[in-house]
Structures are given as C-alpha cells and as structure tokens.
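Sequential numbering of the sequence shown, starting at 1, is according to the working numbering.
You may find that some hints are simply not true.
What the hints assert, rightly or not - In silico EDC-like pairs for lysine to aspartate or glutamate, Cα to Cα no more than 20 Å straight-line:
#	residue 1	residue 2
1	LYS320	ASP371
2	LYS408	ASP232
3	LYS57	ASP253
4	LYS87	ASP111
5	LYS408	GLU167
6	LYS320	ASP367
7	LYS336	GLU353
8	LYS348	ASP288
9	LYS72	ASP253
10	LYS98	ASP111
11	LYS479	ASP432
12	LYS336	ASP326
13	LYS255	ASP130
14	LYS38	GLU167
15	LYS479	GLU455
16	LYS336	GLU351
17	LYS234	GLU415
Bear in mind the hints are in silico, worked out from the structure with no lab data behind them.
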Amino acid sequence: MAKGFSTREENYSKWYNDIVQKAGLAENSAVRGCMVIKPYGYAIWEKMQAGLDKMFKDTGHSNAYFPIFIPKSFFSREAAHVEGFAKECAVVTHYRLKNDPDGSGIIVDPDAKLEEELIIRPTSETIIWDTYRNWIQSYRDLPILVNQWANVVRWEMRTRMFLRTAEFLWQEGHTAHATREEAMEETYRMLDVYADFAENHMAIPVLKGVKSENERFAGAEETFCIEALMQDGKALQAGTSHFLGQNFARAFDVKFTSREGRLEYVWATSWGVSTRLVGALIMAHSDDRGLVLPPRLAPIQVVIVPIYKNGEEYQKVCAKAREIRDALQRMGVLVKLDDRDTYKPGWKFNEYEFKGVPIRVAIGPRDVDNDTLELARRDTLAKEVIPAGQLGQVVEAWLASIQETLYKRALSFRENNTREVDNWEEFKQILDAGGGFIMAHWDGTAETEQKIKEETRATIRLIPFRRKEEPGRCVYSGKPSAGRVVFARAY
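Construct the entire structure; sequences and hints are all you get.
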C-alpha cells in the first residue's frame with residue numbers, strides 16, 4: 001500500500017482523491033474548480049475516446065467542431081434550456097486588457113465591452129442548431145449525424161476531480177432527422193452504444209432507462225440514461241441520450257421541405273459522455289492497493305521489470321526483456337519495459353500495482369538461465385512462474401480473464417446491493433447503511449420525488465425500460481404506483 005494512502009473503509013472520498021493524485025491521473029490547477037489531467041490520466045481518456053469514436057463512426061456519425069463562445073441571445077430562445085443552465089454559465093463581457101494607469105498591474109479595458117456577451121459553452125445545442133439552419137433545406141439534407149469532442153464549462157462551486165469540475169472534456173452528439181420515429185431510433189441506438197462501451201470496455205454493468213421529468217435534460221422531451229453503481233453504494237450517471245423533439249428546431253427556425261413538399265420542423269437528438277467516466281472507472285474497480293484498470297482501457301497492459309545486481313546482469317536481463325517487449329508489441333499488446341536504474345525493482349512493483357497495470361512481468365538472471373518468467377495479475381494479485389515461450393499465450397488469456405473478472409466482480413457487487421423496498425423506514429435505513437440501488441414504488445408525481453430528495457438526498461436514477469407491471473403503493477406517499485423505479489444517492 002502506498003505511504004499515506006487511505007482505505008475505502010476509512011475515508012472513501014480521500015481514498016478516491018489519493019488514487020487520482022498518487023496514480024498520476026490529475027491534480028488541482030491554479031484555477032479554482034479546474035484540474036490538470038496528467039499524461040497517465042489523459043492516456044486513459046484517449047483510450048476511451050478511441051473506443052467511443054470508432055463506435056460512433058461505425059453507426060454513421062462524423063466529427064465536427066463548433067465555437068466555444070455562444071451569443072447570450074441564443075440561450076433565451078429555448079426557455080427550459082436557459083433555465084436549466086443559467087446558474088452555471090461563465091460569461092465573457094470584454095475583449096481587451098490594458099495597463100492600469102496608476103501602474104499597479106493589468107485591468108479590463110472599460111472601453112472594450114462586447115456589444116453582446118458571450119457564454120462559454122456549457123453545452124452546444126444552441127450554437128449547433130443555429131448552424132444547422134444553414135445546412136438544412138430539404139429532406140435530402142437529412143439526417144445529419146454529427147459528434148463533437150470538446151471542452152465545456154459549468155461553473156461548479158463544489159468540485160471533485162473527474163467527477164465534477166468547472167471545466168471538463170466530453171463528446172456531444174447532435175443529430176437532425178426528418179421524422180420523430182427516426183430521431184427516437186437514434187436516441188435509443190446511442191444509449192445502447194454507451195451501455196455497450198460501459199460493459200465491454202469499462203467492465204462496468206449498467207442499468208438502462210428513462211429519467212423522470214425532474215431529472216430530464218433542460219430542453220429535452222425525454223432523457224434516457226445508463227446508471228452504474230460505485231463501491232460506496234452511490235450511483236453515477238455514465239451516459240445520457242436525449243430526444244429533443246422539435247424544440248430547438250422551432251427555437252432556431254430550422255425547417256425542411258419534406259418528400260411530400262410540406263415545410264416541416266426538424267427532429268433532434270443529443271447525447272454525451274464526459275471525463276467523469278474516468279472517475280467511474282476508478283470507483284468501480286479500484287481497491288485499497290490503488291488503481292485497478294480493465295485491460296481494454298489500460299494505457300499500459302503489461303509492464304516488464306528487470307531484476308539485476310550489477311552491470312553484467314543488467315545487460316543480460318535487459319537484452320532478454322527487450323526481446324519479450326518486442327514480441328508482445330508485435331501481438332498488439334501495450335507494453336512498457338521499465339529498465340531505469342534509478343529505482344529498485346520493489347519500488348517499481350509497488351508503482352505499477354498502484355497505477356493499476358493489469359499484468360506485471362518480472363525477469364532476473366535466473367529466469368534468463370531457466371528460460372522462465374514470473375507474472376503477476378493486478379485484479380487477484382496472483383503470481384505464476386511460466387516458461388518464457390508461453391508468455392504470449394498466457395498474456396492473451398490473462399488480459400481477457402482480467403477484463404471478464406472485473407465485470408463479474410462489479411456485477412456481483414451491484415446485484416448484492418440492489419434491493420426491493422416497500423417500507424419508508426427501511427428505505428431510509430438502507431441509504432444510511434451503505435446505499436445501493438433501491439427498487440421502490442413511486443406515485444409518479446414531481447412533488448413526491450422532490451420530498452424524497454429533500455429528506456434523504458436520494459433521487460430517481462431512472463425508470464427501467466423493462467420494469468415489471470407491478471401495481472403497488474408509493475414508498476413515501478402510499479398512493480397508487482404503476483411500478484418500481486430505481487432510487488439512489490448519486491454523484
């Protein structure tokens with residue numbers, strides 16, 4: 001265990017922050033509420049980007065880029081949208097600085113006030129739909145299937161690295177369609193893409209469903225989501241897909257001539273995930289020895305650590321280690337040979353264990369003589385000595401096994417921490433005893449949902465797509481309920 005590293009049981013919040021900082025993922029910046037994503041943390045995000053980007057392109061989408069600055073007037077065109085984001089907006093009011101006449105430093109030039117203030121992008125629906133008005137005239141121009149990789153700013157006061165920061169990185173898809181049915185199909189399709197990525201790349205099982213009206217994206221008619229359960233019993237929204245209807249098309253007057261010759265408003269969707277997925281990855285899999293990464297998202301899948309006592313042994317061991325590295329690279333494995341002589345092997349073992357590298361290969365002079373290698377896997381901490389000639393076969397099998405083991409472990413945790421509850425006192429007791437997903441009846445009213453949130457800090461995470469037809473009584477009000485929904489405290 002790293003020196004000064006908290007355990008999950010002692011202090012879960014500190015444990016999380018310790019991993020982020022000590023594993024070299026990110027650190028706080030000079031700008032309050034913003035983070036510096038360090039190379040190792042950014043490498044994880046790049047792996048996420050690469051996986052998702054391929055999935056987007058495989059479903060017909062293309063990448064584009066839109067301005068970070070949005071005219072203030074754009075936000076006033078869609079009432080629900082502006083209400084949802086007004087309190088989080090950072091606003092640019094001037095375009096020039098100058099030296100203070102009294103010589104005390106730099107000031108904002110009062111004569112350089114913008115005619116119209118600019119909002120730093122909290123989300124891009126408004127600027128994109130203003131642009132789409134120029135791109136769309138006929139049904140022949142549809143659908144538009146565009147994604148943007150970008151940064152956004154939402155002025156958060158209580159921040160935590162990766163989970164909630166004033167500036168963060170994300171992707172946002174924005175699509176335009178000729179019919180409601182086509183737009184709805186796109187909304188479901190992209191939610192399925194996110195669920196596929198979460199489960200098969202991140203090794204995190206997720207629930208799929210629709211948000212309640214209170215939790216819906218500002219300006220959407222429906223918001224669909226995937227929800228994951230973290231090891232402290234809190235939920236984390238891991239992706240959202242929004243059916244926007246014709247709201248933004250009406251707000252920005254985006255019309256097209258249909259096949260029948262009628263002038264109609266376009267139908268819209270938007271969908272996105274962000275760097276909070278890195279936070280989800282940390283909290284879903286890591287342990288009291290540090291970060292644990294699923295192989296499909298690990299920047300380093302295998303690390304090779306040579307063991308030697310002198311220069312002669314160094315040459316002998318490292319020559320063999322380079323052969324092993326090259327062979328694994330030819331297989332497509334992401335491998336690192338750490339042959340630095342400034343750190344001892346034990347230090348390196350601890351370092352890469354803490355960084356969550358899935359497989360460690362140790363090789364010393366005796367291994368070279370015996371043509372053997374010692375392997376250790378991060379998920380179970382098991383070690384095994386194998387013939388060197390079997391390395392490729394074993395590494396391939398272990399990477400697949402680690403990916404599967406992490407998913408099954410997370411799924412077992414979720415299943416063991418999902419409970420059906422019909423009693424209000426039990427509802428509160430479960431939340432205070434560790435939380436998890438609570439399947440409970442709800443009367444369908446925003447008032448009851450808000451009261452539950454005020455009294456327990458728990459929210460409706462989603463209404464499951466395939467919930468059982470199970471009439472009952474609301475766990476809070478006792479009024480009739482059509483079925484259970486998923487409650488949890490959340491990030």
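Hint check results:
With a C-alpha separation of about 10 Å, the suggested pair LYS320 and ASP371 falls inside the 20 Å cut-off, and the hint holds. As the CA atoms of LYS408 and ASP232 are separated by approximately 17 Å, the hinted pair is consistent with the 20 Å bound. Under the criterion of a C-alpha separation no larger than 20 Å, the hint pairing LYS57 with ASP253 is inconsistent with the structure, at around 28 Å. This hinted pair does not check out: LYS87 and ASP111 have alpha carbons roughly 27 Å apart, beyond 20 Å.
Our distance criterion of 20 Å between C-alpha atoms is broken by LYS408 and GLU167, whose separation comes to about 33 Å. Taken as a hint, the LYS320 and ASP367 pair is honoured in the structure, with Cα atoms around 10 Å apart against an allowance of 20 Å. Restraint check for LYS336 and GLU353: the C-alpha separation of about 14 Å stays at or below 20 Å, so the hint holds. Taken as a hint, the LYS348 and ASP288 pair is honoured in the structure, with Cα atoms around 18 Å apart against an allowance of 20 Å.
Between LYS72 and ASP253, the direct Cα distance comes to roughly 17 Å. Compliance with the 20 Å bound is thereby established for this hinted pair. Between the alpha carbons of LYS98 and ASP111 the distance comes to roughly 10 Å, so the proposed pair stays at or under 20 Å and holds. About 25 Å separates the Cα atoms of LYS479 and ASP432, which puts this hinted pair outside 20 Å; it is violated. Of the supplied pair hints, the one linking LYS336 and ASP326 holds, its CA atoms being roughly 10 Å apart against a limit of 20 Å.
Using a Cα cut-off of 20 Å, the hinted pair LYS255 and ASP130 holds, with the two alpha carbons roughly 12 Å apart. Taking the CA atoms of LYS38 and GLU167, the gap is near 15 Å; set against the 20 Å cutoff, the hint holds. Taking the CA atoms of LYS479 and GLU455, the gap is near 18 Å; set against the 20 Å cutoff, the hint holds. Annotation: proposed proximity of LYS336 to GLU351 holds, straight-line Cα distance about 13 Å (limit 20 Å).
Pair hint LYS234 plus GLU415 holds up; C-alpha atoms about 14 Å apart against a cutoff of 20 Å.
In summary, the structure is inconsistent with hints 3, 4, 5, 11 from the numbered list given earlier, while agreeing with the others.
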